Structures are given as structure tokens and as C-alpha cells.
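Residue numbers (this note's numbering), protein chains in the order written: chain A, 1 to 328; chain B, 1 to 330; chain C, 1 to 459.
Don't take each hint at face value.
Said to hold, decoys possible - So, partial list: chain A residues that the calculated Cβ filter (under 8 Å) puts toward chain B: (1) L244; (2) R245; (3) P257.
What the hints assert, rightly or not - Some chain C residues flagged as far from chain A (calculated, every beta-carbon gap over 10 Å): (4) G77; (5) H155; (6) G170; (7) D283; (8) S390; (9) W424.
What the hints assert, rightly or not - Here are the in silico distance ranges between beta carbons for each label pair: (10) A:L119 <-> B:L281: 58 to 64 Å; (11) B:D10 <-> A:L319: 53 to 59 Å; (12) B:L149 <-> C:A37: 36 to 42 Å; (13) B:G138 <-> C:A276: 33 to 39 Å; (14) A:F4 <-> B:D224: 52 to 58 Å; (15) B:P18 <-> A:T21: 55 to 61 Å.
Hints are computed from structural coordinates only; laboratory data are not their basis. Because the structure is a prediction, the values reported are computed rather than measured. Every residue, glycine too, gets a C-beta built ideally from N, C-alpha and C.
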Amino acid sequence: MILFLVRRALWFLLTLWVVATLSFVLMRSVRGGPFSGERALHPSVEAALRERYHLDWPMWKQYLQYVGPLNLDGHGPRFVGGDGSDRFTGLFALDLGPSFHYRDFTVDDILRQSLPVSLALGALALAWALILGLTAGVLSALWRGRALDVGVRLVATLGIALPNFVLAGLLVLALSFGAGLLPPAGWGEPRHALLPSFVLGAPFAAYVARLTRSGMLEVLSQDFVRTAVAKGLPRRTVVLRHALRAGILPVVSYLGPAAAGILTGSLVVEKIFAIPGTGTHFVNSALNRDYTLAMGVTLLYTALVFALNTLVDVAYTLLDPRIRLEDA
Amino acid sequence: MSLAMLSVHDLVVVFDTPAGVVRAVDGVSFELEPEETLALVGESGSGKSLSALAVLRLVPHPGRVESGRVFFQERNLLRAAESELRKIRGRELAMVFQDPLSALHPMLTVERQLSEVLETHAGLTRRGARARVVAALGEVGLSEPERFLGAYPHELSGGQRQRVLIAMALLMRPRVLFADEPTTALDVTIQAQILDLIAELQRQHGTGVVLITHDLGIVAGRADRVQVLYAGRTVEGASTRALFARPLHPYSAALLASVARLDAPAATLPSAIPGQPPDPLERPEGCAFHPRCALATDTCRRTRPELEEPRGASGRRTACFESAQLLLRP
Amino acid sequence: MAAPPPPAPSAIGEELLREAARARGRGLFQEARARLAENRPARWSLRLLVGLALGALLAPLLPLPSPMALALSEEPGPPSLAEPWNRGWRHRVTLTFRFDEPMESRELFLRAESALLGLVTLATRVRPEVIPIRAQGRVTALELALPYRPEFDPHLGSQLEDELAQHLAGRLEQGRLRLKNGGAVAVSFLGASAENGYWELNALDRLLLDLRQRLFGFHQTGALLGTDAQGRDLLSRLVWGSRVSLTVALAAALVSLVIGVSVGAVAGYLGGWVDALLMRVVDVLYSIPFLFVVIFVITLLHGYRAELEAHGIGHLTAFYAVLGLFTWLTMARVVRGQVLALRHREFVAAARLVGASHARILWTHVLPNVLGIVLVYLTLTIPSVMLLESFLSFLGLGVEPPRVSWGLLAADAMEAINPLRSFWWLVVWPAVAMGGTLLALNVLGDGLRDALDPKLARR
């Protein structure tokens, strides 16, 4: 287990390093930085900003500054203690640099503010996906061929096919403007979170339902389920303890891509419902050419997805004792 | 109605396939007295496993029991409610399946799989059941049974797994144990051990055993009575000794002849039965065995023989028009 | 003792041999095609998709209104069946001639009309359509509508206005146009106005547009599905939008096919360090949520817009390329897995024994077997790429106006809906279009997967 986690951690660092380096190279070598916006800046202002962002340093130095951990500012490399503002910088210190667009804030500040919102939204969406999906999938498998099964399969296929912003539009039309039940935008109270998290999670719920159904169907015809019934176990035990535990494996491996998909989908959902999350910031950073923010969010989300995938792999081995970590 | 502990009458199990309705079990009857061992013998596809599954109402989709009666404890099991059946399965009637690796749940420990039987039927808690689980594991010949508690099926050997299955089945001291090909998936060396184990436990607990197998060789010395099935029908029923001494159906005779025997001359090979069992969708008219039978006559080809006691041999039944010939053979 | 003689071949044995000789298995593809043919939803999906593709391909040919904003209405108009077939196609150059005096007779009017027609036809060599303008029941002006051509467009420097004014002036006598067979009318030329209903189209599309004009004149369908806040017809935008969505999907699918299959096949076949290296690259790339990278790259490419366009790579093409570059990963993985499994099968070893080269084995033995799974994944890649494109366009990072794509339509819809007035058609029709297409693709993909699944093989 330890060896596995250590290896994973190394890959993790490698991946992040690759992303950071590539982005850095692209960013610096391309035209159109923070100063090519519509507002023309006074030359002295521009010069000050250039200095602040170290844009006149040689490329290698800028890169090292970005990656850290040494602060190459001022008079040569130094470790300075004290109030910590000059100590370590760069990625190693989890310092993602200053935002190019929001001049008074660092990327870290912005993320600190917006990440909890996005994480909450994402977690709720995942909860929707699992609760709805598992229930629908199990019931669908148990009542195979009946009306419920057909209905669930139809809704599931639709859920996978419709893009989430289309679903959002339809639901807002029906529920917010039509029936006036839920707010169409905003964030702050529980009722604000209901619609966006549902919209975000719906396509994944559909996929989970499908996976659960097919997993359960396959398991229900296995010998060990027959043994469980032959032992006289109550139906609920057979379904939940015997069948579901075996049939749920494909769902568990799906959690990784699902989490990544939820992160991706949040970009659109946050925009539609005006939710002040990290996704909104990312989209805006793309439109504002705020490269540090864009890169910071990309790195962050890459790290999140990586961590989740590792978690899923570990969970998988815990669930199925036949699988060893090395195979993951 | 007889006084037997378990009696099955005219069981018919069919399968609804796209190609038609298949009568996998076509009117099979058998009985089991307490503490006796009945062997159901036949090739694959003869309906022997399905007959046992039908008793427990475990026939898999798209199969179903079409007709018949199964009497156990003064109830017709085929008419009983599912909730009643759940109380009988695992407690009064138990089954041991063919492939222990697939029959055991791969993700649950041995302890879990055994103790849940006790939790369900004996109302024990997990902790309360542990002692009995350990005792049961010891009973089936697993030394140091405690170390098997936390084990998973894939960590055990084939023989060990089958012992676990047997322990699981016998936990509640059922009246009847169905053993469906209990040794087919095991090494030859282990086979005898397992069969002896079953026989020993039967003696200890007075269980009735229905031993289902295609191998007549393992029946000798372990079953009291034998019933031979072919193409979903019973073709012969007799005590083991009588059947082995003088089979009264050409199929039984051929089966016997195909068993390798230690006392046969060295250079003779067991003879295979020519041909194949019939396609269940296209059973021949008349006697199902006639295409492969050396003694087949026109009557055999046209009329289906009934299972009845032949003249001159009491206590036995056979479904053959030519049984008299077999009776007269040396 | 002598060995016993071998048993004589029995009648049954002979029968078995004969039966075996007669049996003939169906090839995988015939089997698959047969199974697919029985799958009703998949067949309908295929028909729908083919229809969609045809519609997209022939979009310029269809008599739809222009998808661009030319009206200045402020409110979206609901679907209406009023004027379902009208002559209002706004892709024309209109030459307006005003009658300064009322005309005495209809006969005079007809001759005047014919004269003006002749004038314009002579100047442009195109026969215009005549649209009389009436006020209080009398014709006060004539609009002669020419099919739009860049050479007629005054905005693009056309001299047509001046030419016509000169021609007309040449035929005037005392301010009145002299007609053949006597008579004169007072008419003045008010000028030319051009409406270009389409963005820059390629040669094939211009041809189709031309053909449409010949077939239908200026006829077009009415606002059958409604209009948006800028007066643009929704049906037309849906059809034109489908072009982008489908092209994106096909382009990305093609890229993922070529790169993904190559990388996967090479990795799976050669194994060893090549495999390890390639799969490591794929793994690293895979763990990056690529929407982010795509957005990142697209944003960066903005800086190089001018250069790319100079090389003929439009914004859209670059967009397609970026999308394609990220969709080959799954395909590579899947193909690699399949090739890996195949590599150890006996027929490959047999081929090696006979002396076939690696390349030959790959081409003739391995690839045909991989074809099935590649096909399935293609039909699954396409909807995900379409979704990606619509996401990006929705966010404003993809297709840009005046061009249109389904993602943009959905974005427009979101802007327009508000709690006071429900413009349901703006949301519903794009939803139906997108949902229906993606649904059809998924159903088809599932059908293909089932059809090619060897485990379901029947006799």
C-alpha cells in the first residue's frame, strides 16, 4: 500500500510538473499577455507592472520563480524568515502567483474564496449522481423488462444525451419561470444549490444507473447469488449484501471519470446559475487572458482529478479482495 | 402419498427459448427417506440438476416449473409462498453446488458467509454465531478452523472451498442435502475425501442426501439407491447393488460399461456410448434412447415406455420394452 | 497379444462428419450487419443521422431564411404559421425605382415595368424579380430584386448604382422615361441596397446557394420555429448550426481515428518499452481535465489569429484541430488493449512462422479485428466531441458570430429567457435538436456494440 501511494505521488508530481511547464512555455512565448487588453496603459504603469510580474527577467529565471521554492526576487536567492511574505514562492510553496487581471489579488486568494463553493456544488452533484443512479439501476435490474425498467432506461439515455446546459434551460423554464418553485440563479442558501447540483449531476446519474443496471444484471445470474438464495437469506440481504457489492464495481471505477466530468461541467453550470465558483473564474480568466489564474485553476483541477482517481483505485481494492494494488 | 420425507411427483421443468419450449425435465419422480442417500445419475442435459433446483424453486430464468408436486413436511413446496420457502431453504433443505469458487461470494469472508446463515435462521448475532461457525469448519475436516474465518474464497484450495460449502449447507442440520456434482470441479485425489466427508456427516446427523452426478463410478458404496435419468426422464430406479449387479435398461448398462473398472482386463478400454443425447428441442418419438440403443425395436421407436416394475424383479423400476432381455443376460 | 483393431467407422460417426462439413459459420461482419438490421431503434437512429447529415450538407440549397441578423426587432417571435411560404429571402440587391406621377392605365404600367426590367437585365445580365410597392391601392414604386452577388454590392465598391443611374438618365426625356410603342412615365432611381444573408462561404456552398436561387427565387419558409431576439429565424440557424456541430464531430473523430489507432496499434503490438512509454504519455495526458487545456490552448491561439488566417487556417479549423488532438487518447487506449489481446492469439504466431513481416501482420491480421471496436468508439467519440464544442461555444470560446452552432444557440437561449416572458421556443428547439442527435448517436453506438459483441454470437 505504501509503495503504491509513493509511486502514485511521484506520478502526480510528474504530471503536475509537465502541465505547469508546458503551460508556462506556451504562456510566455505567445503574444497577447495581460497588457494587450482594450485599455491602453500609461507607459509608467506598464513598466511598474512589468517589474512586478518579473516580465523582463530572462525566461529561465521567470520559470524558476514560478516553480519555486526559492524567491529570486531582489538580491539573489535567499531564505528569509519572519512574516513569511518573502520566504518561499512558487508552486512548491503552493503559491500560484498573482492574478494578471485582478491586480490586487493573488491566484491563491481567488481560489481560496471560490473553491469551497465549487467543491460544495460538485459534491452535491456527485451525491445526486450516486443516489439517483444507484437506486434507479438496482430497481431497474430487479424489475427487468417491466415498465419501470423501460422508463429508467429511456430517461437514462436521454440524460446522457442532453448537454447539461440544455437541461438547465429546460428546467429553469419549467421550474423557475414556469412554476416559480426554485430560484434561477444565485448562491447562498440551500435552495440555490438544488437546481444547479441536479443539473450538474444528472448526466452522471444516468450513466451510473446504466452501469449499475448492467452490473447487477450480470451479477444476479451468478452462482453465488444462487447460493445466497439457496441459503434462505431474505431478499434484501441478497440484493444489497451479495448482489450490489459485486455489481457496484464498474460504478466505483466510473467515479474517477465522473468526478472529472463534474469539474468540467461545472464551468457551464456555474455560468448559467451565476455561481461564484472556481469554474466561473476560469472561464473569465480565459476571456481576460489572465494566464496565471487560468494555469492555477488547471493545475488545481488536475491535482483534484488525480487525487480522486487514486482514491478510487484504493477503494476498488478494498471492495474486491481479489484485486491487488499493483494491478490498479 | 407415501411416507417418504421428500417426495417428488411428475416434475416438469420447461425453458422458454426463442426457438421453442424445451422440456428439460419431462416428468421425473423420486423419493427420499430419512438418512438415505439417493443418487441421480445421468449425462449433462439429462435434467438431473434441474430437478434438484426445482425442489428448492431455484430454477433460473427463462426456465420454470410447469407442473408436478413436491411434498416435504406435509406441504407442496411448489405451491408454497416465497416467505415460507425462505424458511425452508438453508434450514431444512440445503444444497451444495458444483463449482465452489463461483458458488461462494468472492468479496465476503468465509465467516461472513457462514454466520449469515445462522443470523437468518437461528437469530444469532455475528459474535454469537462465531463459535458455531468454527465448530462447523472443524467438522468438515479443516484443521485450525479459526484461521479460515477471515479468509476469502480465492485464497483457499479447491478442496477447502468445497468443505466450506458443505459446512455452510449443514450449519442448520437440514433434513435433506442436495449435492450437485460436488466433486466434478476437484482433483481426483480430493474427490474421494469429499465424498467420504459427505457420507460421514450424513451418518452423524441423519441427513438425507440426494447425490447428483454423471459419474456412476462414485455412486458405488456411497448411495443406497440410484435413479438414472436420460433426456429429462427417469429410465431406471433400483438399489445400488441391484443396479450394478444387473442393470435393466440399455442406457444404465451402457453407463456401467463405460466406467473404468480395476477388475477389468488391462487392455480393454471402457466403451463409449455411440451417438449423442438428443437435442432437447427435437426429442425423438417413442423411447428417447432408441437412436443409440442396440436393442431398439419398432415399438421402441413409436411408443414411449412407462417406468414400471418389470416382471421378475421386484423393488425395481425401468422404462424399457426390452428389459426382459437384460434380465436374462448372464 | 495383438492390439485390438480400431473400431469401424460407425454410421453415426459418418453422419457427424457430414454435418460438420455442411455447417458454415457466418463471418463477423455479416453477423453484425444482420444483428444491427434487427435492431429497430438503431436503424431509425441511423436514418435520422443520415437525414441530418444530408440536411447539413445541402443547407445552402434548402429554401430557408437567412441565419444572420438583418432585422432589428427586439423581441423573439414565437413560432407562427403565418406566411409559411413567402418571398422575403433577404439575400439580394434591391434596386428601387419610384414612380413620381400616378400612371393612367394598367397597360402603361406593364410597359413601364417591362422597360425597367429590360434596363436592369441589360446592365446586369440577370433577370430580377419584380416586387411592386403599393400605397393606397396604387403602385408607387418598383423594387427589382437581384440575387445577391458581391459584384452588385455597393458596400463592396460596386458601380452598379452609378451605371444604372447613367443608363436610366440616357433614356430620359424631360425627366420621363420614354417607352417603346409610345408613352412615357416619370420614374426616378432611388438607389441600390444590398443584403448579404450569409457569411463567407466556400465555392461549393456558393454553388448550392446559386442553385437555390434558381430553383426557388426569393421564396423562403416562414418563421416555422420562431425567431430570436435579433429577428433571426430559428429553423435556419438550427440547420446551419448543424453543419458546424457535425463537421466538428467528424473532424475530431477522424483525427482521433488516425492518431489513436496508430498509437494504440503500435503500442499494443510492439509492447515492451515502446508500449510503456506511449501509455505513460497517454496516462499523463489523460489525467488532465482536457476541457481546461483546450480552453487554455484556444485562448493562446487567439494571439496568433492573423498568422493562421494568412495560411488559410481559419479560427474554426484551428478549433477543430485542437479538439481532435485531445480525443485520441481513449481510442489509443482501447485499441492498444485489443491489439494486446490479439497479439497473443495463435493466428499471429502462425503468421510469424510463415515469415510475414510485422507491418504485414498488423495490416492484414490485426487491424481488421480491431475495426469493430474502433467503429464502436468512433460513434461514442462523436457525441462527446459535439458536447465539447457546444460547451465551448456556449462559454463564448468556440464558434463566433455571425457563424452559428448549436452551442451558440443554447447560449443565446439562456440570455433571452427571463422571468417575465417565456421564450420557450428558443430553449426547446435546440434542446430537441441536440438531444435528438446525441440520443441517436448513442443508440447507434450501443446497437453497433451489441452487434459486434462476439459473446452474443448465435449459430
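> Which numbered hints turn out to be false for this structure?
Replying inline: Violated hints (numbers, rising): 1, 3, 7, 8, 9, 11, 12, 13; every other hint is consistent with the structure.
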